[in-house]
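Q: This is what each chain is made of:
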Amino acid sequence: MQEGAAVQISADPFAVGSFIVYLSIVILIGVLSARFSSGGVSEFFVGGRQMHRFVVALSAVVSGRSAWLLLGVTGMAYTMGAAAVWTVVGYITVEMFLFLFYARRIRHFTEAHDCVTLPDFFAARFGDRSGLLRSVLIVIILMFMVGYVSAQFVGGGKAFAGSFGMNQQVGVAVTALIVVLYTTLGGFLAVSLSDMLQACIMIVALVVVPTLAILDFGGLGPVLGQLQTLDVTAIDPTALSIGAAIGAVGIGLGSPGNPHIIVRYMSIADPDQLRYSAVVGTVWNVVMAWGALFIGLAGRVYFPDTALLPNADTEQLYPLLAAEHLHPVFFGVVVASIFAAIISTADSQLLVAASSLVRDLYEKIVRRGIDVPQKRLVLYSRIVVVLLVIAALVFGLLAQELVFWLVLFAWAGLGAAIGPTSILALYWRGTTRAGVIAGLLTGTAVTVIWQYTPVLEPIVYELVPAFAASLVVTVVVSRLTHPPENLDALFDSMLPGVNRRP
Amino acid sequence: MTAFYLAMFALPLAIIATAVVLARATRRTKR
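Residue numbers (numbering that gives the first Met the number 0), protein chains in the order written: chain A, 0 to 501; chain B, 0 to 30.
Be a bit skeptical, because a hint or two may be false.
Claimed, not checked - Beta-carbon label-pair distances, calculated as ranges: (1) T228/A x L5/B: 19 to 29 Å; (2) L5/B x I245/A: 47 to 57 Å; (3) L31/A x A9/B: 21 to 31 Å; (4) Y4/B x T78/A: 18 to 28 Å; (5) Y4/B x Q168/A: 45 to 55 Å; (6) A9/B x N310/A: 35 to 45 Å; (7) V365/A x Y4/B: 26 to 36 Å; (8) A2/B x H481/A: 16 to 26 Å.
Since the hints were made in silico from the structure, they are not lab data. No experiment lies behind these values; they were computed from the predicted model shown. For each residue, glycine too, the CB sits at the ideal point set by N, CA and C.
Kindly produce the complete structure, drawing on both the sequences and the hints.
A: Now the structure itself:
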């Protein structure tokens with residue numbers, strides 16, 4: 000999903016003050032989580048599977064929402080009107096089902112088999128002795144995640160720099176420094192707890208900004224009347240083509256394939272509590288999404304022409320509307336909400352990338368069969384987080400085009416590769432290792448090919464055909480090959496109360 | 000205008016209601 004653009008609103012001491020308070024709390028969370036996260040790789044990468052249902056709900060929801068929601072969806076609602084509603088319906092519904100069904104199975108299985116990462120899950124499920132399946136996953140995850148993190152830093156830097164009138168490079172560096180501080184120290188616990196704070200900031204901002212903007216215009220009636228005068232399709236949720244509607248709803252197919260979301264499900268203390276997480280997460284997702292939609296609609300009334308927006312950029316709408324309707328202290332909260340959306344996604348992606356290197360590559364492939372002390376693995380994990388941040392920064396500075404290319408495909412590529420294969424791995428006994436490898440490669444390839452084929456690209460968002468292709472290929476190849484032998488034991492360990500190894 | 004109210008108000012409430020109903024249903028099947 001795309002990232003934020005420059006905000007370009009001058010700094011105010013009150014706004015800067017409230018923003019600094021927010022940043023200090025985030026860093027404090029990192030410091031306070033450091034001791035817990037030093038326990039071992041399980042603590043550092045999956046919170047020792049001790050997370051509260053509320054933390055899991057909010058962390059899973061905000062990790063999946065980058066600045067795309069605050070700047071992208073508001074911009075889409077501004078341009079498309081009420082038809083933008085379809086861009087949020089898909090992922091909210093899919094994530095609700097993930098919390099209720101998928102999450103429970105993967106959580107039980109990963110505890111029974113001592114899995115810390117998503118490649119761990121696949122390796123255990125398919126008896127990946129040669130490490131080929133794990134290696135394919137490491138490559139796919141690293142390729143997309145480092146680019147993703149890099150783009151988050153660039154987005155954060157732009158938001159930071161634009162809002163407070165500082166140099167963009169400095170903004171990028173400050174964003175990276177804050178993320179590296181609390182993620183290195185506090186690991187998964189710090190990331191999850193800070194996600195909770197960020198979820199609260201985002202929801203407050205996404206309720207307050209549209210409410211005040213609509214009230215200041217005289218209420219919903221006058222806003223809708225004005226929208227109808229400006230553009231009658233702005234209040235018509237059906238004013239889009241079938242292909243566009245399918246593509247918009249299809250955004251949700253990315254959720255079961257993005258490992259920074261899935262790993263949240265693996266971290267809950269009591270899997271039975273995931274049903275509460277489903278309700279809390281869905282309420283949060285719904286309120287944030289419809290808040291963003293109403294910001295776009297209200298913004299259209301205040302700024303009927305894109306020429307009235309800074310640089311004619313619809314992604315500037317949210318901070319601009321906030322600056323016009325809020326006290327500077329609360330404007331600081333709004334800037335914090337953009338920043339929160341960005342770093343809550345970046346930190347989770349960073350940990351996933353680091354876990355692929357330390358747990359999957361180093362511990363499970365390079366040092367396979369050799370016992371490495373947990374404390375040393377945590378130390379390596381911290382070093383790898385710092386190195387990945389440096390890599391993401393260098394990448395962002397030197398190869399920005401490549402970064403944006405990767406990000407363009409990250410949500411769809413991961414969704415199409417890992418989504419269908421992980422669902423089949425959890426629900427279909429006939430799934431085989433060869434089928435999954437074929438599905439992973441097909442999902443990634445079709446995503447890229449579809450986007451680059453001029454005849455295909457306008458038909459529908461590439462994630463939809465790539466997801467379908469990956470699903471079909473996984474099933475066909477699985478049919479032609481043999482599934483693992485201990486299937487009963489493997490599937491038993493996805494159910495409650497069977498925490499034993501097969 | 001009806002479609003607008005359905006999409007912007009009824010739909011989000013329906014999604015939340017579905018989550019609540021399914022969450023309760025999964026609890027019942029576990030017992």
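Q: Please go over all the hints and tell whether each is borne out by the structure.
A: Here is what the structure says about each hint:
One distance hint, 19 to 29 Å for the beta-carbon pair T228/A and L5/B, holds here, with the actual separation near 22 Å. For L5/B paired with I245/A, a C-beta distance near 19 Å fails the hint of 47 to 57 Å. Distance hint for L31/A and A9/B: a CB-CB separation of about 43 Å, inconsistent with the stated range 21 to 31 Å. Judged by the Cβ atoms, the range 18 to 28 Å given for Y4/B and T78/A holds: they are separated by roughly 21 Å.
About 47 Å separates the C-beta atoms of Y4/B and Q168/A, a value consistent with the hinted range of 45 to 55 Å. The hinted range of 35 to 45 Å is satisfied by A9/B and N310/A, whose Cβ atoms lie roughly 36 Å apart. Remark: the range hint 26 to 36 Å for V365/A to Y4/B is contradicted by a beta-carbon distance near 59 Å. Look at A2/B against H481/A: about 52 Å separates their beta carbons, and that is not inside 16 to 26 Å.
Violated hints, in rising order: 2, 3, 7 and 8; the structure is consistent with all others.
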